[in-house]
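Work the whole structure out from these sequences, hints included.
Listed below, chain by chain, are the residues.
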Amino acid sequence: MSPNILGVSIFGFYLVAIVVLGLIAARYQKTEADFWVAGRRFGLGIMIMANMAAIMHGGAILSGVAFAGKFGGVAILPYISFVGGSAVVFYLFAKKLRQSGGFTIPDYMGDRFNSRGLRAWSALVVAVSSIIYLIAQLRGMAFVLERLLGFEFLTCLILGTVIFVAYVALGGLLAVVWTNIAQFLFMWVGLLILVPFVYDAVGGWGSVLQQVETVAPGWTSPTGVAWSTSYMLSWYLIWFVAYSTRIELVTKMYAARNHKIARASVPITIGLVLIFLLYGNFYLGAAARVLVWDQISSPDQAFPLLVETLLTPALAALALTGIASAAMSTTDSLLLMSGSAIAHDLVRRCHDEPKGIVREEREYLKISRLSIVVVGVTAFFCSIPDFDLILKIVSYAIAIVGSAFFFPLLVGMTSKKVSREAALSSSVGGTLATCFWIAAALAGASWAGAVHPGIVGLTVGGTLMFAVNFFTSPVNQQAISKFFPEAS
Amino acid sequence: MILSLPTLSFWLLIGIPAIILVVMLVDCWRIMTGRKE
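Protein chains in written order, with numbering that gives the first Met the number 0: chain A, 0 to 487; chain B, 0 to 36.
These are computed hints drawn from the structure, not numbers from a lab. Given the structure is predicted, the values throughout are model-derived calculations rather than measurements. Even glycine gets a Cβ: it sits at the ideal position worked out from N, Cα and C. Any given hint could be a false lead.
Cut-off 30 Å, straight-line C-alpha distance, at most; resulting in silico cross-link-like pairs (DSS-like, lysine-lysine) [what the hints assert, rightly or not]:
| id | chain 1 | residue 1 | chain 2 | residue 2 |
| --- | --- | --- | --- | --- |
| 1 | A | K29 | A | K94 |
| 2 | A | K94 | A | K391 |
| 3 | B | K35 | A | K259 |
| 4 | A | K481 | B | K35 |
| 5 | A | K416 | A | K29 |
| 6 | A | K354 | A | K29 |
| 7 | A | K259 | A | K416 |
| 8 | A | K94 | A | K416 |
| 9 | A | K415 | A | K259 |
| 10 | A | K29 | A | K415 |
| 11 | A | K365 | A | K354 |
| 12 | A | K354 | A | K481 |
| 13 | A | K415 | B | K35 |
| 14 | B | K35 | A | K94 |
| 15 | B | K35 | A | K29 |
Stretch by stretch, here's where chain B covers chain A in the computed footprint (C-beta under 8 Å, at least three residues) [stated by the list, open to error]:
| id | region |
| --- | --- |
| 16 | 65 to 77 |
| 17 | 82 to 92 |
| 18 | 214 to 223 |
| 19 | 249 to 263 |
| 20 | 399 to 411 |
Spelled out as structure tokens, the structure:
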């Protein structure tokens with residue numbers, strides 16, 4: 000494969016720009032708070048951009064177009080769940096998280112339930128699930144770069160990983176957010192370039208929906224072309240839980256200048272995301288189904304082929320750069336989250352502080368950067384082999400995170416009468432039940448295919464939360480005063 | 000067809016989420032202007 004000169008030039012410029020941003024952001028890093036939550040200085044505009052960039056997965060466009068094209072637009076985009084989940088964050092979580100002054104979800108779990116065990120367990124779940132996601136994201140990004148640059152897969156993987164690790168380790172959240180804004184603009188440019196060409200090929204909304212219904216009857220129905228009503232409902236429930244426990248979004252609340260900004264950023268973000276998906280997934284998914292579906296062997300090829308079919312090589316390179324940018328904006332957030340789970344939660348809060356070990360902030364900054372490098376290198380080596388299993392597990396990762404955190408977050412934020420034991424058993428039991436169900440589904444057990452693993456995990460987690468709470472005592476009032484100031 | 004109102008598809012995709020979102024945005028405005036805690 001010969002390198003694509005134009006793709007190399009555009010992407011080369013882009014990579015240099017984000018590394019420079021990382022270097023500039025590195026100058027602002029003095030403490031751990033600077034690194035992980037950017038000194039809690041974000042205003043509303045930055046928060047919205049940061050939230051959007053973290054939510055819009057690299058796969059959001061590639062797999063969004065692929066899934067929407069394959070299964071149907073309404074089926075694959077459960078907007079009610081997206082809005083419902085973010086309403087939970089807006090009304091119940093955002094204010095208390097920001098006021099509690101933590102850095103991470105394990106901070107919430109440890110502080111709210113006054114438990115080092117729960118903090119360590121949560122850090123483990125965040126680190127492992129983020130690394131699994133990261134592997135899929137790195138592979139996805141390398142595939143796009145392969146197409147864009149014309150280099151071998153491994154070269155693209157090394158290039159992408161080194162750039163990421165460099166700017167995240169240098170500049171922490173500040174670098175991530177600045178580069179996210181640049182990536183976000185690139186992504187919009189990449190997508191908007193397509194508008195006149197797609198419109199020319201398939202027409203507007205009414206036209207494309209009529210055409211897609213002709214080639215794939217049922218595409219615009221709630222259950223799409225392949226699903227049953229029960230599958231649709233479980234899909235909607237899983238996404239509701241996934242959006243209310245979306246770590247990338249929930250963690251950003253800590254970086255807002257105050258709790259009002261933290262809260263206000265949520266509905267504005269979700270409104271913009273939905274508008275984006277309506278075009279980026281729904282309309283383009285329908286167009287892909289009409290225009291290129293019979294020329295592809297896998298749905299993942301739908302978007303790249305749509306781009307290459309409709310655009311000139313120069314514009315296609317720009318559009319694919321935009322999509323590679325979207326892949327990066329999630330990958331760096333994941334790198335940051337798993338790094339913080341190791342450096343902040345496990346090393347500082349679970350190991351150093353209980354043992355009375357005192358280190359300088361500069362030393363914690365070094366540990367934070369080292370943890371980013373360790374996570375990046377681990378994910379890189381796991382991304383090299385074509386582990387089909389990892390990619391299958393990724394599709395269940397939202398279920399693992401949801402069953403670990405949904406009830407401890409929801410019940411812990413709304414009731415003072417929750418015990419540590421109830422939260423721990425809900426989180427551990429829910430996660431293990433989900434993992435067990437995933438393993439059974441991957442092993443081909445027919446009974447495991449009847450229900451989504453996330454539904455099983457949530458049922459077990461919810462049951463344990465209420466059952467164990469019945470027999471145990473709530474966390475003492477003094478410990479929870481950060482979350483319920485009126486009680487102290 | 001999703002655009003031929005009112006269909007279940009329309010309400011699931013755009014209608015109900017838009018209503019919830021508008022309620023949230025109004026509350027967001029009230030929080031930012033200090034009319035709601």
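So, going through the hints one by one against the coordinates:
1. A/K29 <-> A/K94: holds (26 Å)
2. A/K94 <-> A/K391: violated (35 Å)
3. B/K35 <-> A/K259: holds (10 Å)
4. A/K481 <-> B/K35: Holds, at roughly 20 Å.
5. A/K416 <-> A/K29: Judged against 30 Å, a Cα distance of about 39 Å means the pair is violated.
6. A/K354 <-> A/K29: holds (24 Å)
7. A/K259 <-> A/K416: Satisfied, since the Cα-Cα distance of roughly 26 Å is no more than 30 Å.
8. A/K94 <-> A/K416: holds (19 Å)
9. A/K415 <-> A/K259: holds (23 Å)
10. A/K29 <-> A/K415: Roughly 36 Å between the alpha carbons, so the hint for A/K29 and A/K415 is violated.
11. A/K365 <-> A/K354: Satisfied, since the Cα-Cα distance of roughly 20 Å is no more than 30 Å.
12. A/K354 <-> A/K481: Given that 30 Å is the threshold and the Cα spacing comes to 23 Å, the pair holds.
13. A/K415 <-> B/K35: Holds. A/K415 to B/K35 sits at ~23 Å (cutoff 30 Å).
14. B/K35 <-> A/K94: holds (12 Å)
15. B/K35 <-> A/K29: violated (36 Å)
16. 65 to 77: Holds: 4 residues of the region 65 to 77 of chain A have a Cβ under 8 Å from chain B.
17. 82 to 92: holds (count 6)
18. 214 to 223: holds (count 3)
19. 249 to 263: holds (count 3)
20. 399 to 411: violated (count 0)
Hint violations for this structure: numbers 2, 5, 10, 15, 20, all remaining hints satisfied.
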